[in-house]
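Student: Work out the full structure, taking the sequences as your base and the hints as a guide.
Protein chains in written order, with our numbering: chain A, 1244 to 1535; chain B, 2 to 415; chain C, 39 to 362.
Since the hints were derived computationally from the structure, they do not count as laboratory data.
Note that this is a predicted model, so its numbers are computed, not measured.
Among these hints, one or two may not hold up.
Once the Cα atoms are required to be at most 25 Å apart in a straight line, the calculated DMTMM-like pairs of lysine to aspartate or glutamate come out as [as the list claims (entries may be wrong)]: (1) LYS279(B) with ASP1305(A); (2) LYS68(C) with GLU110(B); (3) LYS111(B) with ASP69(C); (4) LYS206(B) with GLU222(C); (5) LYS1377(A) with ASP287(B); (6) LYS279(B) with GLU1247(A); (7) LYS279(B) with ASP1365(A); (8) LYS1377(A) with GLU290(B); (9) LYS1336(A) with ASP69(C); (10) LYS68(C) with ASP349(B); (11) LYS396(B) with GLU1247(A); (12) LYS1377(A) with ASP283(B); (13) LYS68(C) with GLU132(B); (14) LYS214(B) with ASP1305(A); (15) LYS311(B) with GLU365(B); (16) LYS317(B) with ASP1365(A); (17) LYS288(B) with ASP1305(A); (18) LYS68(C) with GLU351(B); (19) LYS73(B) with ASP287(B).
Ranges of calculated distance between the beta carbons of each label pair, as one might list FRET restraints [claimed, not checked]: (20) TRP126(C) with LYS311(B): 55 to 63 Å; (21) LYS1377(A) with LYS415(B): 47 to 55 Å; (22) THR119(C) with VAL411(B): 46 to 54 Å.
Pulled from the structure, derived: some chain A residues nowhere near chain C, Cβ distances all over 12 Å [stated by the list, open to error]: (23) PHE1282; (24) PHE1296; (25) LEU1304; (26) PHE1318; (27) VAL1319; (28) SER1346; (29) ILE1352; (30) GLN1359; (31) VAL1379; (32) ILE1398; (33) THR1411; (34) ALA1491.
We put the CB at the ideal spot given by N, CA and C, even for glycine.
Chain by chain, the residues:
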Amino acid sequence: MTAETIIQSLASGLLMGLLYGLIAVGLALIFGLMDVVNFAHGEFLMIAMYITFFLFAFFALDPLLSMPLVAAALFVFGAVVYLLIVRFAVRAKANAGMVQIFSTFGLAIVMRGLAQYFFTPDYRSVNHSWLGGKTVSIGGIFLPQPQLFGALVAILAFVGLYFFINRTDFGRALEATREDAGAVALVGIDKNRVFALGWGLGAALVGLSGAIMATFFYIYPDVGASFALIAYITVALGGFGSVFGAFAGGIIVGLVEAATALMLPPALKSVGIYAVYLLVVFVRPRGLFGSM
Amino acid sequence: MKITRRDVLLGATATAALAPLGARAQTSEVVIGVIYPLSGASAQIGVDAQKAFETAADLINKNYDFELPLAKGEGIPGLGGAKVRLVFADHQADPQKGRAEAERLITQEKVCAVIGTYQSAVAVTVSQICERYGVPFLSADNSSPSLHRRGLKFYFRAAPHDEMFSQAMFDFFDAMKKKGTKIDTLALFHEDTIFGTDSGNAQLKLANERGYKIATDIKYRANSPSLSAEVQQLKAANADVLMPSSYTTDGILLVKTMAELGYKPNAIVAQDAGFSEKALYDAVGDKLEGVISRGSFSLDLAEKRPMVGKINDMFKARSGKDFNDYSSRQFMGLIVMAEAINRAKSTDGEKIREALVATDLPGEQTIMPWKRVKFDSMGQNNDADPVLLQYIGGKFVTIFPPQAAVAQAVWPMK
Amino acid sequence: MDSFHQRRRRDLFVAFIFAGLAALAPLFVKDVYVQNIMVLTLMYAALSQSWNILSGYCGQISLGHALYFGIGAYTTALLFTKFGVLPWFGMLAGGVISALIAMGLGYPCFRLRGHYFVIATIVIAEIGLLLFHNWTWAGAALGIDIPIRGDNWLTFQFTRSKLPYFYFALALACVAWFVTWWLEDSKWGFWWRAVKDNPDAAESLGVVVFNSKMGAAAVSAFLVAIGGSFYAQFVSYIDPESVMGFQFSLLMALPAVLGGIGTLWGPVLGAVILIPLTELTRSYIGGSGRGVDLIVYGGLIVLISLARPQGLVGLFSSRKVPAQ
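Tutor: So this is what it looks like as structure tokens:
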């Protein structure tokens, strides 16, 4: 194994890790806001990829341009899912945790079924987009442009999110609602509105990652499943409740995955991710940066 | 249950409508069960398969002028022109569900034969159930060699299995080497389900027997979110030939990742699967000029056998796609089964089995480049010669074996 | 407490009636497809009931029970095909191995809370899946095809008849139910209720509660592994994906969740509704290839979990559902 192989693997792992972080951050945001894990997160990603694909196929809109549209569409979708389903799941007096898991899990199945019904199970992909298939070579190390761009968006999204939560009124309302929904109601903030916006924001972030993913990944109704588990692990590894944790978690997951594939047979590369997760939580039961 | 009753009613109405047409044997329709993944991760295959089987049923049930068994005339003459009716069932790639569906088709729908299943793991349980009920099962497109070696009486496979396919690849390598092409090292790249494992094992064995060096043997997890690390290792090994055994999803990701990491192998010789799917070439065809895939079907057979092109058009009208390695085998699966039922002159399982054992169909009466269809004692057709196809200028041309080839192989690939 | 014991006696009585009625069902249902659904329903009732012991009563939500199911299936199949050990012994061995593994894993995992615990269970089961996927001696992806040698109770193989499997699954469901019934009134059951009603009690009861959780994990894993052994015999072919996949962990939990998690009757009720629904939608709508079965199935899960968060069992009894 040459040094070049190792550097290339780790570079690829880092880029992929940033993307994992971007996929996971929406999940982290929603959880941080209202302690709900969205088990349909992978399907949100799937929808975002399909929207990107159809905008490209019918309007020749490059994923780079359609990214804001996809994010906006997912924002609406996320808010609607909150208002139609999650709002009631949170209200459940008994077994709130299980109700959330299984109502969003049921939603995931419905979304896959609907995708198959309307989009057919055919595999789609976005061909000849501006970034797709292009790559940058630095000293023999290849960095694909879609993933580079994804990494950039991920970093920007995290910086933006940081300022948004800490510096804007809405961000502070999110934070306050999370801490004490009852008290917030007294000062005239509508809890449902804040939560719906939070869900929209979380989904919009998935929309960003979906638009980027569509430039280099195939699209079909079950595509979310490959990423969902990684997203949950990423969030938990970073620590529930911490947006920065999801960022760090993503990078760790990407690097560990790449490193494991160098050491073990590649078929076992996920074992590395799983083992690191277990190690971390056994030592720190709240994840790396978790607050709860 | 409601739906069954409706089906029965529909069947009855159809029978009544046909009744004045004249004398028939007591069997007015032949019900054949078709088990495929119709939802879940491989639903696309199942949905395409439906179209292939419907095309075959249409050929049998209506009058066409093709040199294909049962195409001429309507229905199955051996049973007084009885029509073929297909009942589709969804196994969702789960062996247990495949088993339950096979049992339902046999006991409730009274099918006289079962065809399936795409996933080899499901074929294991479906064929077991068929064996228990004495109903013939035909593997249309399962390529796992272990399937026919289980001593089942009611198991049949008209198409080649992975060892035959891999053998053709190595025959091709030997032939190329004789011509002076440098082929010493191979890189195996296969997924970790039954298909990739079987294929990888067969290739490993053949490579050792015939003195090729395995530069790297990578087994990867199917549907991985990323293949960067795997491709990196392929690139480092830089073998003379890359031999992937991948389904469509991983195939697309593999080719894209290879381009992104600047890996351009000398030659790719693929174990079909994803590499015969239109979706893969739609996605990354521009990067695959010169890729070689094994197959049991080639459209350029249409030049020698015009009906192949016409039947392909019929399939295309239904599905919007050309026949590929899977849909062509599925199509032939029903034709072979119906041809046997015709000779059996019965829908009794044992009689159909006897007819299948006696099957001897010349290759010209198929849409495949096969020599003939004739089953050995284990139910395998050993005369189903696989071919190697090369993707040139947006379509596949046959390059091997010499008797079927229409062009010379382009080596290395562009 | 009198009413508590009266109710328990009534539960036992009702269970006897149901078990008796179920035992007579094959007299009236001759269709093998329907019998197959009945077998699966009972199997899932048993699995879900066992899952419920750890996840419902004990509050440790596991989405990794496929691990124990798979270990049960593999132990039986490997011992039989490689060493000729009869499945009845394999079943016991699989159960014991699973119980030991469950305790070994419980030791570090029970320190984790909420979603951290849930994800840990998922991840551990996935590791198991990957290991079996790559373990050549155990068949790897090719799985294990258990050869059929005709009807025999010793090898627990029956070519066409579903009845032996039906009665075994019924017995397993009854055992799982009875264990749950018995636990409800045991010291363990008392502690679990105490901990749920008053989290502070958990601190003072720390050690004993921890031990009881280990016990619950072992019992739960043991019973699920027996279910796995049963499945291997019933299907006579296993591969890693079909006995250890993540889907299986969810399928095991669903009946209890829909029926009523942490309740005695929830898993049974959930299985009786859910399994026939799953099978019938796939068989009669799934053939269209358009995913309608998924829409119906997923939609019902959403509706039920929203409309009856405490489970469907609430519809049938005025009995207080233990709060989560």
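Student: Confirm or reject each hint.
Tutor: A quick look at each hint next to the structure:
1. LYS279(B) with ASP1305(A): holds (23 Å)
2. LYS68(C) with GLU110(B): holds (15 Å)
3. LYS111(B) with ASP69(C): holds (12 Å)
4. LYS206(B) with GLU222(C): Since the Cα atoms of LYS206(B) and GLU222(C) sit roughly 58 Å apart, the hinted pair is violated (cutoff 25 Å).
5. LYS1377(A) with ASP287(B): Roughly 13 Å separates the two Cα atoms, so the pair holds.
6. LYS279(B) with GLU1247(A): violated (35 Å)
7. LYS279(B) with ASP1365(A): holds (10 Å)
8. LYS1377(A) with GLU290(B): holds (18 Å)
9. LYS1336(A) with ASP69(C): violated (42 Å)
10. LYS68(C) with ASP349(B): Within the cut-off at roughly 22 Å; holds.
11. LYS396(B) with GLU1247(A): This hinted pair is violated, its Cα atoms lying about 37 Å apart.
12. LYS1377(A) with ASP283(B): holds (18 Å)
13. LYS68(C) with GLU132(B): holds (21 Å)
14. LYS214(B) with ASP1305(A): Cα-Cα ~44 Å, so violated.
15. LYS311(B) with GLU365(B): With a Cα-Cα distance of about 15 Å, the restraint between LYS311(B) and GLU365(B) holds, given a limit of 25 Å.
16. LYS317(B) with ASP1365(A): This hinted pair holds, its Cα atoms lying about 15 Å apart.
17. LYS288(B) with ASP1305(A): Roughly 20 Å separates the two Cα atoms, so the pair holds.
18. LYS68(C) with GLU351(B): Measuring from Cα to Cα gives roughly 24 Å; hence the hint holds.
19. LYS73(B) with ASP287(B): violated (41 Å)
20. TRP126(C) with LYS311(B): 55 to 63 Å: Between TRP126(C) and LYS311(B), where Cβ atoms are some 59 Å apart, the hint holds.
21. LYS1377(A) with LYS415(B): 47 to 55 Å: violated (19 Å)
22. THR119(C) with VAL411(B): 46 to 54 Å: holds (47 Å)
23. PHE1282: violated (9 Å)
24. PHE1296: Correct as stated: the minimum Cβ-Cβ distance to chain C is 18 Å, above 12 Å.
25. LEU1304: holds (27 Å)
26. PHE1318: Nearest chain C Cβ is 22 Å from PHE1318(A), so the label holds.
27. VAL1319: The claim holds: VAL1319(A) sits with its nearest Cβ about 19 Å from chain C, beyond 12 Å.
28. SER1346: violated (5 Å)
29. ILE1352: violated (3 Å)
30. GLN1359: Violated, because the least Cβ-Cβ distance between GLN1359(A) and chain C comes to about 3 Å, which does not exceed 12 Å.
31. VAL1379: holds (33 Å)
32. ILE1398: Nearest chain C Cβ is 26 Å from ILE1398(A), so the label holds.
33. THR1411: Consistent with the label, THR1411(A) stays out of reach of chain C, its closest Cβ about 28 Å off (over 12 Å).
34. ALA1491: holds (16 Å)
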